[in-house]
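**Student:** Protein chains in written order, with numbering that gives the first Met the number 0: chain A, 0 to 330; chain B, 0 to 261.
Just so you know, these hints were derived from the structure itself, not from any lab. Be careful, since some hints might not be right.
Stretches of chain B that chain A covers, calculated by requiring three or more beta carbons in the stretch to come under 8 Å of a beta carbon on chain A [as the list claims (entries may be wrong)]:
hint, segment
1, 18 to 29
2, 52 to 62
3, 207 to 218
Simulated pairs of lysine-lysine, DSS-like, Cα-Cα distance not exceeding 25 Å [as the list claims (entries may be wrong)]:
hint, chain 1, residue 1, chain 2, residue 2
4, B, K55, B, K20
5, A, K150, A, K205
6, A, K198, B, K159
7, A, K150, B, K26
8, B, K159, A, K130
9, A, K168, A, K198
10, A, K288, A, K267
11, B, K156, B, K111
12, A, K190, B, K161
13, A, K15, A, K61
14, B, K161, A, K288
15, B, K26, A, K130
16, A, K192, B, K26
17, A, K267, B, K256
18, A, K205, A, K325
19, A, K168, A, K29
20, A, K190, A, K162
21, A, K297, B, K256
22, B, K20, A, K130
23, A, K262, B, K208
24, A, K205, B, K161
25, B, K26, B, K53
26, A, K192, A, K267
27, A, K297, B, K18
28, B, K20, B, K221
Some but not every residue of chain A turned toward chain B, in silico, with C-beta under 8 Å [said to hold, decoys possible]:
hint, residue
29, D32
30, N110
31, G111
32, S149
33, V177
34, I178
35, S187
36, E207
37, L268
38, I278
39, G308
40, V310
Ideal Cβ placement from N, Cα and C applies to all residues, glycine included.
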Amino acid sequence: MDNKGVLVIGEIVEGKLAPITIELLGAGRKLADELGEELSALLPGSKASGLAKDAIACGADKVYVAEDGLLDSYNSDAYTQVAADLCQKALPSVVLLGHTDIGIDLAPRLNGRLGGGLAMDCLALSLDAAKLLVSTRPVFGGNAHAEVVSKSARPQMATLRPKTVPQAKRDDSRKGEVIPVEGKVDPSALKVKVVERIKEEVEGVKLEDAEVVVSGGRGMGSAENFEMIRELANVLGGAVGATRPACDEGWAPMTLQIGQTGKVVSPKLYIAVALSGAIQHIGGCLGSKYIVAINKDKEANIFNVAHFGIVADYKEVLPALTAKLKELVSA
Amino acid sequence: MNIIVCVKQVIDPEIPPVKFKIDPEKKEVVPPPGVPPVISVFDERAVEAACRLKDKQGGTITVISLGPEKASEVVKHSIAMGADEGYVLNDAAFEGLDSFGIAYVLSKAIAKIGAYDLVLCGRQSADWGSGQVGSILAEILGIPVVTLACDIEAADKNIKVKRVVKDGYEMVEAPLPSLVTVSSELGLPRLPAGMRIMIAARKQVPVWKAADIGAEASELDKAHVEITKLSVPTRKTECEMIPGDSPDQAAENLAAKLAELL
Numbered sequence: 000m001d002n003k004g005v006l007v008i009g010e011i012v013e014g015k016l017a018p019i020t021i022e023l024l025g026a027g028r029k030l031a032d033e034l035g036e037e038l039s040a041l042l043p044g045s046k047a048s049g050l051a052k053d054a055i056a057c058g059a060d061k062v063y064v065a066e067d068g069l070l071d072s073y074n075s076d077a078y079t080q081v082a083a084d085l086c087q088k089a090l091p092s093v094v095l096l097g098h099t100d101i102g103i104d105l106a107p108r109l110n111g112r113l114g115g116g117l118a119m120d121c122l123a124l125s126l127d128a129a130k131l132l133v134s135t136r137p138v139f140g141g142n143a144h145a146e147v148v149s150k151s152a153r154p155q156m157a158t159l160r161p162k163t164v165p166q167a168k169r170d171d172s173r174k175g176e177v178i179p180v181e182g183k184v185d186p187s188a189l190k191v192k193v194v195e196r197i198k199e200e201v202e203g204v205k206l207e208d209a210e211v212v213v214s215g216g217r218g219m220g221s222a223e224n225f226e227m228i229r230e231l232a233n234v235l236g237g238a239v240g241a242t243r244p245a246c247d248e249g250w251a252p253m254t255l256q257i258g259q260t261g262k263v264v265s266p267k268l269y270i271a272v273a274l275s276g277a278i279q280h281i282g283g284c285l286g287s288k289y290i291v292a293i294n295k296d297k298e299a300n301i302f303n304v305a306h307f308g309i310v311a312d313y314k315e316v317l318p319a320l321t322a323k324l325k326e327l328v329s330a
Numbered sequence: 000m001n002i003i004v005c006v007k008q009v010i011d012p013e014i015p016p017v018k019f020k021i022d023p024e025k026k027e028v029v030p031p032p033g034v035p036p037v038i039s040v041f042d043e044r045a046v047e048a049a050c051r052l053k054d055k056q057g058g059t060i061t062v063i064s065l066g067p068e069k070a071s072e073v074v075k076h077s078i079a080m081g082a083d084e085g086y087v088l089n090d091a092a093f094e095g096l097d098s099f100g101i102a103y104v105l106s107k108a109i110a111k112i113g114a115y116d117l118v119l120c121g122r123q124s125a126d127w128g129s130g131q132v133g134s135i136l137a138e139i140l141g142i143p144v145v146t147l148a149c150d151i152e153a154a155d156k157n158i159k160v161k162r163v164v165k166d167g168y169e170m171v172e173a174p175l176p177s178l179v180t181v182s183s184e185l186g187l188p189r190l191p192a193g194m195r196i197m198i199a200a201r202k203q204v205p206v207w208k209a210a211d212i213g214a215e216a217s218e219l220d221k222a223h224v225e226i227t228k229l230s231v232p233t234r235k236t237e238c239e240m241i242p243g244d245s246p247d248q249a250a251e252n253l254a255a256k257l258a259e260l261l
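Okay, chain A solo, but in the shape it has when bound:
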C-alpha cells in the first residue's frame, strides 16, 4: 500500500482553528502514533499560514496551507478541488473531517472523486489488528452502531461528530513543517456559487452550543402551550428544541428540530417534555450528559434513556419547575 499518514482537513472559524479541527488533530495524532506515521493537516483560506503554528502545536507534523481568498468561505467546488488535489499528491492513508456543515458536504464528494472508503458522523475511531481504520457510526437513527472498515479502498475516510473526543493538548515546543499548496483555485471551475448567506437570528443561546436544551414534543398540544418550553429554557439560560412532529405542527421552527432529521445536540442537560422518545429523535440527544423526561405515559420510550423522570401531565409540572428553578438560579 502506497498510502501513508493521517490527514486532517481543517476548518478555520473567525480567524482561529475551529474546535472540531483541534479535536481531529488530537484523534489524528493518536492514530498516527499507533500507525507510526505522520499527521498532517490542510488549512484552507488566506489566514492559513498564520494558523499553521497552532496546528503544529496541536500535533501536526506537516501543515499544508492553501492560501487563497476563494477558500475563505466554504464553496463545495473549490474545497473539493483543493482537497482532492492534495490527497492525490500526498496520498494519505487516513483522511479525517469534522461532521460539520463543511464535512457533511465535502467528505462524500471528495470520497466520490478519490474512490476511498468513507464513514460519516462517527462517534469513535480506532485501529484494528491489521491497523485498518475502524469507524463507529450510529445507524437506524442511533438504534444501532455499525463499525465500518475499508479493506482496500484508499484513503480511509471519516467525518467525526463534534465534541465526541477531547481537544488536542497544545504543546508550543512541537516542531513541524509548513508546506504551501501549489496552484490556486481555478474560478472558472466553480460551477456552484454561494450568492447569499443568511444568518438565522436565534433568540438567546444557539442549540448546538447550549449547555441546557429544553425540548417539547407532540404532547405539548398547541403553539400556546409550547411557550412553556421557552420559559423554562429562558430560566436555565438554555435553548429550545423540538421533535419533528412539533415542528411539522408549526409550534417551533424547523431549525429547532432535534433528531436524525434535524440537529444533533450534546448539552449537559436535556429536558424532554411531552415527547415519547421516537428513535429518530433520541438519536439527536443521546450525547447529553443528563436527560430528564416529563411525560404522562410511564411506558414512553424516553424513560428508557432518561436519567431522571417525572410521570405526570407536563401542564402540572412545568409551572412549578420553572418557578422553583427561577428562585434557585437567582439565589
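Following the hints, complete the assembly by docking chain B onto the known chain A.
**Tutor:** For chain B alone, coordinates are given in the frame of chain A:
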C-alpha cells in the same frame, strides 16, 4: 423540466425501539413483523420538491428505487404524490451494495432514462444513513451537486437552492443539469389524494435488472467499505423517578436536583 428522483424503501424509522432487532451475525436489521416499510423521509421530501417544481413550471418526474421488488410501493407512493413514471432496480447483484455501488447502479439507470435537467436525492437514507449516495452519484454523472436543500427555485438554465447550514441558510446557484440532495426542512410532503391514488395504483412499474441498465459485475463487486460489526448500544441508564406527593412537589424536587447538577 425533466426531474429524476431517487427514492429508497426503508424500515419505518418511527417503530418503537422494542421492535427494533438486529442479526449481529449477518450484520443486518431484522424487519419488524407486521410493520410495513415506508419511503425514506428525506426521499419523500425530494419527491415533494420535484412536485413543487412541476406545479410551477411543468415537466416530468421520473422516480427510481433500488431495492426489493416490493420497492414498487414507494415508487407508486411517489406517483400518487405527482411523479409520472417510475422504475424499480432489482437484481441479486445489487444486494448489499455500499454507497459507491448504489450510486453506480443509479447512474446506469439514469443513463437509460436519458435526458434530465435535475436529479434529486434525500440527504441521507433514514436507515443506514450513509449520507454519500447523492454526492458520489453527482461525481459519476459529472454534474454539480448542492446538498441539504430546503427550497429549490428553477430558472431556464440554472437553479437557486436554499440550503440548510448550522446557523441559518445559504443561497446557492448551480447550472443545469445538477444534482440536489433534499433535507427535511423542506417541509411536509403532500398527502396523495383522489385521482392520483387511482393513477398510481394502475401504473405499471417496470423492474430493471443489471443487464437492462448495463451494470457491470466488475463494478458491482468493488466494495469500498464493509460493516464489520453491528450492535445495539447498551444504555445503562437507570431512570430515577423523582418522588413527590403531587406533581408540584415532584417539580420542586426535580428543580433542586437540577440545580445540583448544573
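**Student:** Decide, hint by hint, whether the structure agrees.
**Tutor:** Quick rundown of the hints versus the structure:
1. A stretch counts as covered by a chain when three or more of its residues have a beta carbon under 8 Å from one of that chain; for the segment 18 to 29 of chain B and chain A the count is 4, and the coverage holds.
2. Residues of the segment 52 to 62 of chain B with a Cβ under 8 Å from some Cβ of chain A number 0, which does not satisfy the need for three, so the listed coverage is violated.
3. Counting residues of the segment 207 to 218 of chain B whose CB lies closer than 8 Å to any CB of chain A gives 0, so the stated coverage by that chain is violated, three being the minimum.
4. Between K55 (chain B) and K20 (chain B) the alpha-carbon distance is near 43 Å, which puts this suggested pair outside the 25 Å criterion.
5. The suggested pairing of K150 (chain A) with K205 (chain A) is violated, with an alpha-carbon distance near 40 Å, which exceeds 25 Å.
6. At most 25 Å may separate the alpha-carbon atoms for a hinted pair to count; K198 (chain A) and K159 (chain B) meet this at roughly 18 Å.
7. For the hint linking K150 (chain A) to K26 (chain B), the alpha-carbon distance of about 17 Å falls within 25 Å, and the restraint holds.
8. For the proposed pair K159 (chain B) and K130 (chain A), the alpha carbon gap of about 45 Å is over 25 Å, so the pair is violated.
9. Between the alpha carbons of K168 (chain A) and K198 (chain A) the distance comes to roughly 32 Å, so the proposed pair goes past 25 Å and is violated.
10. Distance restraint check for K288 (chain A) and K267 (chain A): the Cα-Cα separation of roughly 5 Å lies within the 25 Å cut-off, and the hinted pair is therefore satisfied.
11. Note on K156 (chain B) and K111 (chain B): the hinted pairing holds, with a Cα-Cα distance of about 23 Å set against a maximum of 25 Å.
12. For a cut-off of 25 Å, the pair hint linking K190 (chain A) to K161 (chain B) stands: about 16 Å separates their Cα positions.
13. Restraint check for K15 (chain A) and K61 (chain A): satisfied, since their Cα atoms lie roughly 18 Å apart, inside the 25 Å limit.
14. For the given pair, K161 (chain B) sits about 34 Å from K288 (chain A) by alpha-carbon distance, which is inconsistent with the 25 Å threshold.
15. Among the hinted pairs, K26 (chain B) with K130 (chain A) is consistent with the structure: their alpha-carbon atoms are about 22 Å apart, no more than 25 Å.
16. Taking the CA atoms of K192 (chain A) and K26 (chain B), the gap is near 41 Å; set against the 25 Å cutoff, the hint is violated.
17. With a C-alpha separation of about 14 Å, the suggested pairing of K267 (chain A) with K256 (chain B) holds against the 25 Å cut-off.
18. Taking the CA atoms of K205 (chain A) and K325 (chain A), the gap is near 21 Å; set against the 25 Å cutoff, the hint holds.
19. Between K168 (chain A) and K29 (chain A) the CA atoms are separated by roughly 12 Å; this keeps the pair inside 25 Å, and the hint holds.
20. Between K190 (chain A) and K162 (chain A) the CA atoms are separated by roughly 33 Å; this puts the pair beyond 25 Å, and the hint is violated.
21. The hinted pair formed by K297 (chain A) and K256 (chain B) meets the criterion: a straight-line CA distance of about 20 Å does not exceed 25 Å.
22. A distance of roughly 31 Å separates the Cα atoms of K20 (chain B) and K130 (chain A); the hinted pair therefore is violated under the 25 Å criterion.
23. Annotation: proposed proximity of K262 (chain A) to K208 (chain B) is violated, straight-line Cα distance about 38 Å (limit 25 Å).
24. A C-alpha spacing of about 21 Å is found between K205 (chain A) and K161 (chain B), which places the hinted pair at or below 25 Å, so the restraint holds.
25. Between K26 (chain B) and K53 (chain B) the CA atoms are separated by roughly 40 Å; this puts the pair beyond 25 Å, and the hint is violated.
26. Pair hint K192 (chain A) plus K267 (chain A) does not hold up; C-alpha atoms about 38 Å apart against a cutoff of 25 Å.
27. For the hint linking K297 (chain A) to K18 (chain B), the alpha-carbon distance of about 18 Å falls within 25 Å, and the restraint holds.
28. The straight-line distance between the Cα atoms of K20 (chain B) and K221 (chain B) is roughly 29 Å, outside the 25 Å bound, and the hint therefore fails.
29. Given hint, D32 (chain A) at the interface with chain B, is violated; its Cβ is 23 Å from that chain's nearest Cβ, farther than 8 Å.
30. Taken as an interface hint, N110 (chain A) checks out: its beta carbon lies about 7 Å from the nearest beta carbon of chain B, inside 8 Å.
31. The interface hint given for G111 (chain A) holds, since its Cβ lies 3 Å from the closest Cβ of chain B, which is under the 8 Å cut-off.
32. Interface restraint check for S149 (chain A): the shortest CB-CB distance to chain B comes to about 5 Å, inside 8 Å, so the restraint holds.
33. At about 29 Å, the closest approach between the beta carbon of V177 (chain A) and any beta carbon in chain B exceeds 8 Å, and the interface hint on this residue is violated.
34. The closest approach between the C-beta of I178 (chain A) and any C-beta of chain B is roughly 27 Å, which is over the 8 Å cut-off, so the hint fails.
35. At its closest, the beta carbon of S187 (chain A) sits 13 Å from a beta carbon of chain B; the interface hint therefore is violated under the 8 Å criterion.
36. With its C-beta approaching chain B no nearer than about 6 Å, E207 (chain A) sits inside the 8 Å limit, and its interface hint holds.
37. The criterion of a C-beta within 8 Å of any C-beta in chain B is met by L268 (chain A), whose closest approach is roughly 6 Å, and the hint holds.
38. Using the Cβ-Cβ criterion of 8 Å, the hint placing I278 (chain A) at the interface with chain B is satisfied: the shortest such distance is roughly 6 Å.
39. Annotation: G308 (chain A) was flagged as interfacial toward chain B, and the flag holds, the nearest CB pair being 5 Å apart, inside 8 Å.
40. Against a cut-off of 8 Å between C-beta atoms, the interface hint on V310 (chain A) holds, since the closest Cβ of chain B lies about 7 Å away.
Checked against the numbered hints given earlier, the structure breaks hints 2, 3, 4, 5, 8, 9, 14, 16, 20, 22, 23, 25, 26, 28, 29, 33, 34, 35 and satisfies all the rest.
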